[in-house]
Amino acid sequence: MPTPQPTQRISTMANVQIKDLDIVLGGVSILKSMNLDIQDGEFLVLLGPSGCGKSTLLHSIAGFNDVTDGSILIGEKDVTWADPKDRDIGMVFQSYALYPTMNVERNMSFGLRVAGVPKAEIEKRVNRAADMLHLKELLNRRPSQLSGGQRQRVAIGRALVRDAKVFLFDEPLSNLDAKLRAELRRELKQLHKDIRTTMIYVTHDQVEAMTLASRIAVMLGGKIQQIDTPATIYSRPANMFVAGFLGSPSMNFVEGSLHSEGGSIRFQSVALNVDLSGYPFQQAPANGQRCVLGVRPESIKLCGASASTQGKATVSLIEPMGPSQIVWLDAQGTSLSVQLEAQATPALDSTVGLQIDPAELSLFDGTTQNRL
Amino acid sequence: MNATTQTSVPARRPKRTLLTPARIGIYAFLLSVSAFFLLPLYVMVVTSLKTAPEVRQAMLFAWPANPQFSNWAEAWSSACIALQCNGIQGGFWNSVRIVIPATALSVFLGALNGYALSFWRSKWGDILFGIMMLGAFVPFQVMIYPLVAWFRLGGFYNTYWSILIVHCIFGMPLMTLLFRNYYVAVPQELFKAARIDGGGFWRIFLQLMLPMATPMLIVATILQLTGIWNDYLFGLIFAGQDNYPMTVQLNNLVGSTFGERRYHIDMAATILTSIVPLAVYFFSGRWFVRGIAAGAVKG
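Residue numbers (my numbering), protein chains in the order written: chain A, 1 to 372; chain B, 1001 to 1299.
It should be emphasised that the hints constitute simulated quantities derived from the structure, not laboratory data. Accuracy of the hints is not assured; some may be wrong.
Okay, the calculated beta carbon distance ranges per label pair [said to hold, decoys possible]:
1) Val1009(B) <-> Ser316(A): 28 to 34 Å
2) Gly1125(B) <-> Ser29(A): 19 to 25 Å
3) Val28(A) <-> Thr1020(B): 38 to 44 Å
In silico DSSO-like pairs for lysine-lysine, Cα to Cα no more than 30 Å straight-line [claimed, not checked]:
4) Lys77(A) <-> Lys1015(B)
5) Lys1015(B) <-> Lys32(A)
6) Lys1123(B) <-> Lys189(A)
7) Lys223(A) <-> Lys1015(B)
8) Lys1192(B) <-> Lys19(A)
9) Lys1123(B) <-> Lys136(A)
It should be emphasised that the depicted structure is a prediction, and the values quoted were computed from it without experimental measurement. All C-beta atoms in this analysis are idealised placements derived from N, C-alpha and C, irrespective of residue type, glycine included.
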């Protein structure tokens, strides 16, 4: 067991490297040759639907799953076969996982007491964490006497006092109600801003991913579909799954084909006809190629029915959201959602014209579903 | 105030009728069942307080004219078992000496097994658990002879240690089952958090999981305490003459009298023997029922 050196470990950071990781659980392959590099001080969010392997990846980093192949490095140290306690990690669970028979102070100090840290040092660190998380008044309470939000703050505090190099979060806010979730989300962001420790955070909530992450890794079927900054993931999704998973209401998809016309390329379908000059193609598309056009609800503008060259639609439903509204359109059988400011409400059943900036849309290959 | 102040009479809570035919039926059933189980106890108590001539009148349910508590004292300290006339007090202390360590040890081992099986999932854990459960269903009489043979081979047959070990062995399946079922309901995340905090096998068990299982500890203790106290067969076979528990001494007392049968003394000794489990049932009925339910329903 390594002797704890509390004064040196404070604010040490570490990168995390996953190399060719294979995880097989109960005969089922969950992760297959996964590669992932997480930078010092980064807030990486693993985002995906349930069963995509994001929790398995996190628990493998923590050391709870046997690695079938590949390796895991934390701070350049190979920890593939290290015990969870020797990995310099702190972890926060969805169910809080507080020790029910111990009060808040003893919950937070359990790890330090196990490691034989001197009493004065334990007190100092617990008080520091309690200050950060506003837990000062609750130190003598039992977990059963705390609200959900307080419990999760204690769980975060328990990870904090360990002065870990990497913090792992397994859907920490999923058990909280909407208001507390938003509150604690902000506190987490503040915490990361203050301590700048590497954090890996698993969630299926796209809002948490967008607000917290320095980078998001969107996962599906044990594979990372795209890993990038939230802004890039949102505006330039790598495939149709990523495009559809982020954003609410989700991105509109219109099936059609591409046609070259005197140097410029046009997207043609029953509903839309868009000139794509200005769209950053990754490679030149073939003439007549089948494809899917994706456009976010806030990227569609409405105008007079006769003013649009791109397409027309009738207004079928309006959902007011307070500051904005979602207008549902029927464009020759294709349903489109448009996000507008609250003031400009079009009349129901009226015909409107559509305006889409080619720079703000995404095009996907009709068969591979990858970005063009 | 509202403009349309209609003085409406609030609906009355329906009057609760105390004696419906159904209720009378239920009480009649409960009373007859209680009588069925309590009458033997009543006969025991009144007989133990009678004088010898009163017993001979054979009026089973009659209240003694002059309750003789001295019968109890005689049974405790001066009734004769074979040639020794010290009553059954020696058996009482032997039982105490057996029950306390055997209960503590078997409950502790059961908790340890349950903890290990639920959290430290080893490859053969489920198979071992299955075998252990199988052991619970094999009639224990089958295993007595092999055990006697092994203990004799080991050189501690008919000693204090052999009776302790036997009680631990035969308590193991039920104790393990109880604690395993209790710990299976504890979220794995709790265990994982403790692993990250650096807890090892023993620390997580002693500092976290054992205190968490307090309700089950109480239930298991009650089950083992009464079970071991009431045991007769193992005590007779394994304990050896110096360590005969109270139940064995009671049987010897009842069986070894010459001449006239002293039923009043026998009954007094029986009451003294059963007072410990009776007290345990009486003061912990709630927990006891919970333990039975935990073992029967979940297992």
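Against the structure, the hints:
With their beta carbons about 52 Å apart, Val1009(B) and Ser316(A) fall outside the hinted range of 28 to 34 Å. A beta carbon spacing of about 24 Å between Gly1125(B) and Ser29(A) agrees with the range 19 to 25 Å that was offered as a hint. Here the CB-CB span from Val28(A) to Thr1020(B) is close to 59 Å, at odds with the stated 38 to 44 Å. Simply put, Lys77(A) and Lys1015(B) have alpha-carbon atoms about 76 Å apart, too far for the 30 Å limit, and the pair is violated.
Taking the CA atoms of Lys1015(B) and Lys32(A), the gap is about 70 Å. The hint is violated against a cut of 30 Å. With a CA separation close to 42 Å, the supplied pair Lys1123(B) and Lys189(A) exceeds the 30 Å bound. Note on Lys223(A) and Lys1015(B): the hinted pairing is violated, with a Cα-Cα distance of about 67 Å set against a maximum of 30 Å. Distance restraint check for Lys1192(B) and Lys19(A): the Cα-Cα separation of roughly 24 Å lies within the 30 Å cut-off, and the hinted pair is therefore satisfied.
With a C-alpha separation of about 44 Å, the suggested pair Lys1123(B) and Lys136(A) falls outside the 30 Å cut-off, and the hint is violated.
Hint check: violations occur at hints 1, 3, 4, 5, 6, 7 and 9; the rest are consistent with the structure.
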